[in-house]
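**Q** Kindly produce the complete structure, drawing on both the sequences and the hints.
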Amino acid sequence: MKIALFGNPNTGKSTIFNMLTGLRQQVGNFPGVTVDKKKGRIDTAQSQHQLTDFPGTYSIFARSLDEQVVKEVLTNPQHPDYPEAIIYVADAANLERNLLFFSQLYDLGFPILLVLNMWDRAGQKGLQIQLDTLQSNFPAASIVTANARIALGKERILKAIDQLAVGERTAFHDTAFQALQSDAEQTQNSDERLQKIRALGLITAAPSKISNQSTRLDRILTHRIYGYLIFSAILLVIFQFIFSFASIPMDFIDGQFVRISSWSAAQLPEGVLSKLLTQGLIPGIGGVLVFVPQIAILFFFIALLEESGYLSRVVFIMDRLMRPFGLNGKSVVPLLSSVACAIPGIMSARTISDWKERLITILVAPFMSCSARIPVYTLLISLVIPNIYICGFLSLQGLVLFGLYALGILFALGTALLLKLLVKSRTPGFHLMELPDYKTPRLANIGYTVYEKVRVFIFDAGKIIVAISIILWALASYGPSSREQALRALHQEQNYQQAEQAKQQELDNALMLSESYIGHFGKWMEPAIAPLGYDWKIGIALLSSFAAREVFVGSLATIYAVGDDTDTQKRLIEKLKEEKTDKGQATYSLATGASLLVFYVFAMQCMATLAVVKRETNTWTWPLLQLVFMGVVAYMSAFLVFQLLV
Amino acid sequence: MGLLLHMSQTLDSISLNELVEIAAIANNAIAPKLTEMGLTKGQKIKAIFKAPFGDPIAYEINGNIISMRKEEAMQVEVQMA
Numbered sequence: 000m001k002i003a004l005f006g007n008p009n010t011g012k013s014t015i016f017n018m019l020t021g022l023r024q025q026v027g028n029f030p031g032v033t034v035d036k037k038k039g040r041i042d043t044a045q046s047q048h049q050l051t052d053f054p055g056t057y058s059i060f061a062r063s064l065d066e067q068v069v070k071e072v073l074t075n076p077q078h079p080d081y082p083e084a085i086i087y088v089a090d091a092a093n094l095e096r097n098l099l100f101f102s103q104l105y106d107l108g109f110p111i112l113l114v115l116n117m118w119d120r121a122g123q124k125g126l127q128i129q130l131d132t133l134q135s136n137f138p139a140a141s142i143v144t145a146n147a148r149i150a151l152g153k154e155r156i157l158k159a160i161d162q163l164a165v166g167e168r169t170a171f172h173d174t175a176f177q178a179l180q181s182d183a184e185q186t187q188n189s190d191e192r193l194q195k196i197r198a199l200g201l202i203t204a205a206p207s208k209i210s211n212q213s214t215r216l217d218r219i220l221t222h223r224i225y226g227y228l229i230f231s232a233i234l235l236v237i238f239q240f241i242f243s244f245a246s247i248p249m250d251f252i253d254g255q256f257v258r259i260s261s262w263s264a265a266q267l268p269e270g271v272l273s274k275l276l277t278q279g280l281i282p283g284i285g286g287v288l289v290f291v292p293q294i295a296i297l298f299f300f301i302a303l304l305e306e307s308g309y310l311s312r313v314v315f316i317m318d319r320l321m322r323p324f325g326l327n328g329k330s331v332v333p334l335l336s337s338v339a340c341a342i343p344g345i346m347s348a349r350t351i352s353d354w355k356e357r358l359i360t361i362l363v364a365p366f367m368s369c370s371a372r373i374p375v376y377t378l379l380i381s382l383v384i385p386n387i388y389i390c391g392f393l394s395l396q397g398l399v400l401f402g403l404y405a406l407g408i409l410f411a412l413g414t415a416l417l418l419k420l421l422v423k424s425r426t427p428g429f430h431l432m433e434l435p436d437y438k439t440p441r442l443a444n445i446g447y448t449v450y451e452k453v454r455v456f457i458f459d460a461g462k463i464i465v466a467i468s469i470i471l472w473a474l475a476s477y478g479p480s481s482r483e484q485a486l487r488a489l490h491q492e493q494n495y496q497q498a499e500q501a502k503q504q505e506l507d508n509a510l511m512l513s514e515s516y517i518g519h520f521g522k523w524m525e526p527a528i529a530p531l532g533y534d535w536k537i538g539i540a541l542l543s544s545f546a547a548r549e550v551f552v553g554s555l556a557t558i559y560a561v562g563d564d565t566d567t568q569k570r571l572i573e574k575l576k577e578e579k580t581d582k583g584q585a586t587y588s589l590a591t592g593a594s595l596l597v598f599y600v601f602a603m604q605c606m607a608t609l610a611v612v613k614r615e616t617n618t619w620t621w622p623l624l625q626l627v628f629m630g631v632v633a634y635m636s637a638f639l640v641f642q643l644l645v
Numbered sequence: 000m001g002l003l004l005h006m007s008q009t010l011d012s013i014s015l016n017e018l019v020e021i022a023a024i025a026n027n028a029i030a031p032k033l034t035e036m037g038l039t040k041g042q043k044i045k046a047i048f049k050a051p052f053g054d055p056i057a058y059e060i061n062g063n064i065i066s067m068r069k070e071e072a073m074q075v076e077v078q079m080a
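If you read the protein sequences in the order shown, they are chains D and C.
So the first sequence is numbered by numbering that gives the first Met the number 0: it starts at 0 and just counts up by one.
So the second sequence is numbered by numbering that gives the first Met the number 0: it starts at 0 and just counts up by one.
Since the hints were made in silico from the structure, they are not lab data.
Please read these numbers as outputs of a predicted model, since none were measured by experiment.
There could be a bad hint or two in this list.
[Claimed, not checked] So the derived list for chain D, only partly shown, Cβ under 8 Å to chain C, looks like this:
| hint | residue |
| --- | --- |
| 1 | LYS70 |
| 2 | GLU71 |
| 3 | ARG258 |
| 4 | ILE316 |
[As the list claims (entries may be wrong)] Which chain D residues stay away from chain C? Per the calculated CB distances, all over 10 Å, these:
| hint | residue |
| --- | --- |
| 5 | ALA92 |
| 6 | ILE128 |
| 7 | LEU193 |
| 8 | VAL449 |
Ideal Cβ positions, reconstructed from N, Cα and C, are used throughout, including at glycine.
**A** Shown next as structure tokens:
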């Protein structure tokens, strides 16, 4: 049976979903929109069912994208996700309001199971719920109580699922409500339903007030000074983990994949297939998996903050600051995470329910300087920015680094502002939001979130990343037949023959790259990048660093034949400083260096980000627009900087 | 005097911890959403804390906390409870 899971936000709906389906889940999108669709399997005593989790909504009347999905599915029997039965999760501590949407679903005629979740909290709050009255007013519904946070009620729910039936019913209120279009009619219908529900007398003891303790905590956490201080401190901890501690598993993954590559290269007979596997496919997969630690860490923290109830307070204090830029309080976490890496950052934008605000957040996130830019920044800064101190203590190099980060943030906000005016809104952006009670986070729920995000990244975005990296690898390691002649010519040179074996290898590699397809492309586009102060060698490094920005450094090392060892960086800087143009000036002048720095602040030099944007917006339109837009901004600003400084 | 008593106030302008009663909700796109969240005529509501810059504002209604932007709270007419 196809069963749908509905309920208001903050009712513990996903905990129920996890409890019923375990790890037998699939995550995808609803057709045509990027609203998360989670499916799972339920095994009851009698049969197997498919459970689909729908976004939490307050009624069938749709404003946001999430609500639109719910409405479309419920009102169209031809819809592939149209359910045969419904499980409705209600917060028992907040029953009357939760029953509004339930009464609508009941009146649509579905077999329906009402799960009164958080049963314990209703008791703690001093609520007494008259289950008999509830049952007699909704005779066709099955009703069970549960406390999913401690896995209580699973057996009751499974048993009730087997007994679900349409049942005889008279509508609780009316039947044609789903067609109501105007604001006034919808408001009136909901109002009448709520009045009716309240008149049932379901709750005999008055609900207790919000505890003073909770309000005191709220006043501190949303305080204009402490609120921001506490949030900054939490961010600092998260960053510390993503920046520093993630590098341990990342280096491990890197190392393992290098080992697997060389091991399989040794096992396999030499040939095209072996090269494809050991130099294209295996490093490509490694290039996907290397992001997993950062994604896992970020989502661990986001889930922790969300589960505890704190994240909605962050949204509350950031909303006013982000609003002028067409962003939402919820954009803060994605944008700040992008300083570590745009990939988990963009994935975390899914919490923003307003489509326009989510899209803007995704589109501007890659302007934030991520950790992959650091190797590029440090190389170029130590190359062209003098190591001097201003006023005796301010390092000029440090100041430039700071400036690059600031430039990224400024452009992210500026672009958001521009997009706010350009992107048409499908729905008006509301902020109306419940601030849930503070709760101790459940480790199991956090685990599910991390597992799901990692899996979605590996299987959805991963495919694209592997494909692009194989293409880039092929372009960089194969070349036209003229490459063989050039190699033979190199081997005839006296310098080459007198060089040590290691040096010969470096010279070989340099020639192989510069005569490869990418190399030829770099030379071909030299006229286009000359106004930015770049020669074809820089062009090659730019092209190959589309795989990932830090590849820029490695490509330059290969082109300038400085090998691949621990002091590559130092040797590379020395080598680059010696480089002269045809006219005898330094290739890496201040103008060229600054132009390159600016280029890397703005350009979308990251195929993994592109793949994730494709996955998160469900179309190639936005990632490609982003690629072009960021490329144009990068080109024009690099051009300006070079022309001003040269 | 009678006129003064009937002068209406909107939800964005009440002071913290002042318990008021919802009198009416302006008819516009957000009205159905406000209603669904339990803001209906006759319900008691009070502001319990505000974000920095005074916007958004958190309200207590029926034992829940609901946060609203000022422009949204402006749609709700209230009277002394």
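**Q** The structure should be examined with respect to each hint, and the outcome stated for every one.
**A** Do the hints match the structure? See the list:
1. LYS70: 12 Å, violated
2. GLU71: With a minimum Cβ separation of about 17 Å from chain C (threshold 8 Å), the hint on GLU71 (chain D) is violated.
3. ARG258: 52 Å, violated
4. ILE316: 5 Å, holds
5. ALA92: 7 Å, violated
6. ILE128: Non-interface label stands for ILE128 (chain D): nearest chain C Cβ at 14 Å, farther than 10 Å.
7. LEU193: 5 Å, violated
8. VAL449: 28 Å, holds
Checked against the numbered hints given earlier, the structure breaks hints 1, 2, 3, 5, 7 and satisfies all the rest.
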